[in-house]
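Q: Residues per chain, in single letters:
2 protein chains.
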Amino acid sequence: MAPVRNGRHLFNEIPTGYPVPGKTTVYDGSQTIDPETVALKPGSFLLKTLVLSIDPYMRGKMRDVSIKSYSPPYVVGEPLENFGVGVVLRSENPAVKPGDHLYGYYTFEEYLIRNDPAPFRVLKNEQKLPWSVYVGAAGMPGQTAYYAWKELSDAKPGETAFVTAGAGPVGLMVIQLAKLQGMKVIASAGSDDKVNTIKDAGADVAFNYKTTSTREVLQKEGPINVYWDNVGGETLEAALDAAATGARFIECGMISSYNSQPYPVKNLMLIVGKAIKMCGFLVFQFQEKYIEEFYKVVPAKLASGEIKYTEDITRGLEKVGEAILAVQTGKNKAKSVIVVAEE
Amino acid sequence: MAPVRNGRHLFNEIPTGYPVPGKTTVYDGSQTIDPETVALKPGSFLLKTLVLSIDPYMRGKMRDVSIKSYSPPYVVGEPLENFGVGVVLRSENPAVKPGDHLYGYYTFEEYLIRNDPAPFRVLKNEQKLPWSVYVGAAGMPGQTAYYAWKELSDAKPGETAFVTAGAGPVGLMVIQLAKLQGMKVIASAGSDDKVNTIKDAGADVAFNYKTTSTREVLQKEGPINVYWDNVGGETLEAALDAAATGARFIECGMISSYNSQPYPVKNLMLIVGKAIKMCGFLVFQFQEKYIEEFYKVVPAKLASGEIKYTEDITRGLEKVGEAILAVQTGKNKAKSVIVVAEE
Chain A
1 MAPVRNGRHL FNEIPTGYPV PGKTTVYDGS QTIDPETVAL KPGSFLLKTL VLSIDPYMRG
61 KMRDVSIKSY SPPYVVGEPL ENFGVGVVLR SENPAVKPGD HLYGYYTFEE YLIRNDPAPF
121 RVLKNEQKLP WSVYVGAAGM PGQTAYYAWK ELSDAKPGET AFVTAGAGPV GLMVIQLAKL
181 QGMKVIASAG SDDKVNTIKD AGADVAFNYK TTSTREVLQK EGPINVYWDN VGGETLEAAL
241 DAAATGARFI ECGMISSYNS QPYPVKNLML IVGKAIKMCG FLVFQFQEKY IEEFYKVVPA
301 KLASGEIKYT EDITRGLEKV GEAILAVQTG KNKAKSVIVV AEE
Chain B
1 MAPVRNGRHL FNEIPTGYPV PGKTTVYDGS QTIDPETVAL KPGSFLLKTL VLSIDPYMRG
61 KMRDVSIKSY SPPYVVGEPL ENFGVGVVLR SENPAVKPGD HLYGYYTFEE YLIRNDPAPF
121 RVLKNEQKLP WSVYVGAAGM PGQTAYYAWK ELSDAKPGET AFVTAGAGPV GLMVIQLAKL
181 QGMKVIASAG SDDKVNTIKD AGADVAFNYK TTSTREVLQK EGPINVYWDN VGGETLEAAL
241 DAAATGARFI ECGMISSYNS QPYPVKNLML IVGKAIKMCG FLVFQFQEKY IEEFYKVVPA
301 KLASGEIKYT EDITRGLEKV GEAILAVQTG KNKAKSVIVV AEE
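Quick note, the sequences are listed as chains A and B, same order.
First residue of the first sequence: 1, per UniProt numbering; consecutive thereafter.
First residue of the second sequence: 1, per UniProt numbering; consecutive thereafter.
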């Protein structure tokens with residue numbers, strides 16, 4: 001086999017507002033690789049990337065390397081990185097064999113050589129789900145929802161939950177977990193299509209926050225006992241005002257502040273007055289406790305339809321910039337996945 | 001015995017900023033009572049007020065009755081209310097007898113008739129502590145510190161705690177509980193005298209936040225694993241910036257916003273990024289779990305000196321307005337107590 005292109009999608013420049021496709025990140029098709037003959041040292045293996053995940057938190061990695069945060073910054077000139085699934089083409093490592101599908105952290109390249117299988121998980125996929133699902137509802141976003149809901153919600157039947165970014169992979173899973181526990185669920189999203197997705201997932205109250213006042217909905221349908229926060233800012237302020245005494249706020253993300261100055265929240269005193277428990281978390285904190293349960297339970301429920309999922313597939317590594325921007329602006333329709341290659 | 005004055009301190013007017021003595025609250029000396037002959041219905045008892053507590057949270061009760069909050073609002077024209085200790089003079093209730101000292105919620109009057117002993121606790125005071133201590137370190141403020149520290153701090157030896165309003169009865173107790181668990185303690189207060197109090201209680205780093213930058217101290221002495229927040233606002237913002245991953249923020253109060261517009265906190269995203277657990281609480285939540293332990297442990301440790309306490313005593317019910325203002329502005333020297341009468 002002759003050398004083939006090994007396309008890459010690189011981080012090119014730290015953005016000041018929204019990331020700009022072709023400027024913040026750029027596609028580079030100049031490299032080649034010969035998958036059949038490329039040298040593999042003992043212990044290493046060659047992966048062909050199949051799918052890559054595009055997630056909101058990636059914006060936080062587009063920062064100056066001097067700024068510390070929970071996830072390391074992207075390096076200008078180097079490929080982006082995020083969760084993906086690939087297939088092993090060749091292996092000099094006894095732990096993985098050709099044909100194995102590995103879930104883990106991928107650089108945004110068509111082919112990768114790695115020498116440590118430990119950070120990857122070999123996916124059995126007994127249900128024959130599309131590989132893309134393993135970076136969404138059956139991957140990090142699904143784990144985020146599943147772990148933190150179990151650990152932090154203290155959900156009780158008859159209580160009310162409010163979920164923002166309800167049509168995203170995290171929110172959509174949370175809505176369904178809350179319904180499975182007998183809660184009333186209020187959920188919001190930024191388009192009428194997304195609101196339909198939320199309704200299909202079983203939310204009792206679903207609304208488009210761009211055309212309906214979050215504050216008014218919560219006033220009418222609250223008070224809320226659990227707030228799953230994906231957005232922060234003004235919505236967090238409204239949720240504090242609508243919170244019941246003893247409410248749990250699960251702080252998953254604050255996308256409203258990722259691309260602009262943060263909205264300053266003025267009613268934090270309610271945390272004291274209403275005895276609110278507001279918990280940030282990182283999905284990795286709960287990994288060890290729940291990961292085996294997650295892979296045992298969730299893919300099966302996704303395959304049977306007991307838990308629904310939706311996807312917004314983009315084909316081609318060169319389209320990464322557009323997909324990232326769409327996720328930041330909310331123009332994606334559902335969980336954003338880049339299909340890099342078919343098997 | 002002839003009738004005597006039954007002085008009262010009344011709530012007179014909802015303040016817009018700091019409460020104004022003689023305007024927000026007024027002393028009324030026009031009523032009289034004859035403690036020896038006043039009629040007591042079956043089941044009721046007559047109390048003589050000895051000490052009353054002045055606490056920061058009282059400002060929150062000076063609001064329009066239409067605004068809901070964790071503690072009911074004061075009613076214009078009616079006496080103020082707060083924790084106090086009094087002595088039973090006469091009783092037609094088998095549960096209390098003359099000479100008993102009752103801790104509980106008192107209206108601000110020299111004499112009270114009550115018909116339900118349930119909300120009161122009969123103080124044994126085997127250690128012969130001054131009664132004033134039972135509204136401070138051995139009362140609600142001490143309980144606040146003790147319960148919430150046990151329940152929410154997850155303190156580990158070698159970790160670092162930051163305590164604001166460290167010379168107040170809550171902060172001073174928290175400093176000592178943290179030291180007893182082997183933590184490094186940073187604590188702040190608003191005067192050099194208070195800083196000395198904090199040092200005497202064992203804080204490793206004590207500073208006057210009016211003359212030293214909280215942000216700089218935390219940068220040098222942090223990161224912090226536990227933040228005991230009594231003030232909110234800009235200090236909370238600095239604490240978020242200085243927090244370690246997995247930090248616990250115990251939200252006890254936000255006095256910085258009680259008398260003015262709240263300072264809007266801009267870096268809440270760090271709750272997500274640092275997986276911070278920020279818990280508001282109401283002391284009553286934990287009462288049942290800890291109250292007997294508290295009265296068994298704390299008064300003895302206060303009497304032996306193992307836990308230190310300080311007090312700022314004001315004599316006379318007519319001085320309540322000044323004492324309230326001093327607590328709101330921080331001009332009190334320590335736990336503020338009104339001594340209404342000696343026995």
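Calculated directly from the structure, the hints in this document are not laboratory data.
Check each hint, because a few of them may be wrong.
Heads up, simulated DMTMM-like pairs for lysine to aspartate or glutamate below, C-alpha to C-alpha not over 25 Å straight-line [claimed, not checked]: (1) A:LYS23 <-> A:GLU221; (2) A:LYS150 <-> B:GLU237; (3) A:LYS289 <-> A:ASP154; (4) B:LYS68 <-> A:ASP193; (5) A:LYS128 <-> A:GLU237; (6) A:LYS156 <-> B:GLU288; (7) A:LYS124 <-> A:ASP312; (8) B:LYS331 <-> B:GLU311; (9) A:LYS289 <-> B:GLU151; (10) A:LYS156 <-> B:GLU151; (11) B:LYS266 <-> A:GLU237; (12) B:LYS68 <-> A:ASP192; (13) A:LYS68 <-> B:GLU216; (14) B:LYS277 <-> A:GLU306; (15) A:LYS48 <-> A:ASP100; (16) B:LYS199 <-> B:GLU234; (17) A:LYS68 <-> B:GLU342; (18) A:LYS266 <-> B:ASP116; (19) B:LYS48 <-> B:ASP116; (20) A:LYS220 <-> A:ASP193; (21) B:LYS48 <-> B:GLU322; (22) A:LYS277 <-> B:GLU311; (23) A:LYS68 <-> B:GLU322; (24) A:LYS301 <-> A:ASP204; (25) A:LYS331 <-> A:ASP204; (26) A:LYS277 <-> B:ASP116; (27) A:LYS179 <-> A:ASP192; (28) B:LYS289 <-> A:ASP193; (29) A:LYS68 <-> B:GLU311; (30) B:LYS68 <-> A:GLU221; (31) A:LYS277 <-> B:GLU322; (32) A:LYS277 <-> B:GLU216; (33) B:LYS277 <-> A:GLU288; (34) A:LYS277 <-> A:ASP100.
Computed Cβ-Cβ distance ranges for the label pairs, DEER-style [said to hold, decoys possible]: (35) A:VAL122 <-> B:ILE67: 24 to 30 Å; (36) A:SER71 <-> B:GLY17: 40 to 46 Å; (37) A:PRO130 <-> B:GLU292: 36 to 42 Å; (38) B:LYS23 <-> A:SER71: 30 to 36 Å; (39) B:LYS156 <-> A:PRO119: 45 to 51 Å; (40) B:SER66 <-> A:TYR70: 25 to 31 Å.
We put the CB at the ideal spot given by N, CA and C, even for glycine.
Q: For each hint, tell me whether it holds in the structure or not.
A: Here is how each hint holds up against the structure:
1. A:LYS23 <-> A:GLU221: Violated - the C-alpha atoms of A:GLU221 and A:LYS23 are around 44 Å apart, more than 25 Å.
2. A:LYS150 <-> B:GLU237: violated (29 Å)
3. A:LYS289 <-> A:ASP154: Given that 25 Å is the threshold and the Cα spacing comes to 17 Å, the pair holds.
4. B:LYS68 <-> A:ASP193: violated (38 Å)
5. A:LYS128 <-> A:GLU237: Violated, because 43 Å separates the two Cα atoms, which is more than 25 Å.
6. A:LYS156 <-> B:GLU288: Cα-Cα ~22 Å, so holds.
7. A:LYS124 <-> A:ASP312: This hinted pair holds, its Cα atoms lying about 24 Å apart.
8. B:LYS331 <-> B:GLU311: holds (13 Å)
9. A:LYS289 <-> B:GLU151: Answer holds: A:LYS289 to B:GLU151 is near 23 Å, not above 25 Å.
10. A:LYS156 <-> B:GLU151: holds (21 Å)
11. B:LYS266 <-> A:GLU237: holds (12 Å)
12. B:LYS68 <-> A:ASP192: violated (35 Å)
13. A:LYS68 <-> B:GLU216: holds (18 Å)
14. B:LYS277 <-> A:GLU306: violated (32 Å)
15. A:LYS48 <-> A:ASP100: Judged against 25 Å, a Cα distance of about 11 Å means the pair holds.
16. B:LYS199 <-> B:GLU234: At roughly 24 Å apart (the allowed maximum being 25 Å), B:GLU234 and B:LYS199 satisfy the hint.
17. A:LYS68 <-> B:GLU342: violated (59 Å)
18. A:LYS266 <-> B:ASP116: violated (41 Å)
19. B:LYS48 <-> B:ASP116: Roughly 16 Å between the alpha carbons, so the hint for B:LYS48 and B:ASP116 holds.
20. A:LYS220 <-> A:ASP193: Status holds; Cα separation ~23 Å.
21. B:LYS48 <-> B:GLU322: holds (22 Å)
22. A:LYS277 <-> B:GLU311: violated (32 Å)
23. A:LYS68 <-> B:GLU322: Roughly 47 Å between the alpha carbons, so the hint for A:LYS68 and B:GLU322 is violated.
24. A:LYS301 <-> A:ASP204: holds (21 Å)
25. A:LYS331 <-> A:ASP204: Judged against 25 Å, a Cα distance of about 24 Å means the pair holds.
26. A:LYS277 <-> B:ASP116: Not satisfied, since the Cα-Cα distance of roughly 34 Å exceeds 25 Å.
27. A:LYS179 <-> A:ASP192: holds (21 Å)
28. B:LYS289 <-> A:ASP193: violated (49 Å)
29. A:LYS68 <-> B:GLU311: The hint is violated at about 43 Å.
30. B:LYS68 <-> A:GLU221: Distance of about 18 Å is within 25 Å: holds.
31. A:LYS277 <-> B:GLU322: Outside the cut-off at roughly 35 Å; violated.
32. A:LYS277 <-> B:GLU216: Roughly 28 Å between the alpha carbons, so the hint for A:LYS277 and B:GLU216 is violated.
33. B:LYS277 <-> A:GLU288: Roughly 20 Å between the alpha carbons, so the hint for B:LYS277 and A:GLU288 holds.
34. A:LYS277 <-> A:ASP100: Measuring from Cα to Cα gives roughly 43 Å; hence the hint is violated.
35. A:VAL122 <-> B:ILE67: 24 to 30 Å: violated (58 Å)
36. A:SER71 <-> B:GLY17: 40 to 46 Å: Given range 40 to 46 Å: holds, Cβ gap about 44 Å.
37. A:PRO130 <-> B:GLU292: 36 to 42 Å: For A:PRO130 and B:GLU292 the Cβ distance comes to about 59 Å; the hint is violated.
38. B:LYS23 <-> A:SER71: 30 to 36 Å: Hint violated: Cβ distance 54 Å, outside 30 to 36 Å.
39. B:LYS156 <-> A:PRO119: 45 to 51 Å: This hint is violated: roughly 29 Å between Cβ atoms.
40. B:SER66 <-> A:TYR70: 25 to 31 Å: violated (43 Å)
Going through the hint list in order, the structure does not satisfy hints 1, 2, 4, 5, 12, 14, 17, 18, 22, 23, 26, 28, 29, 31, 32, 34, 35, 37, 38, 39, 40.
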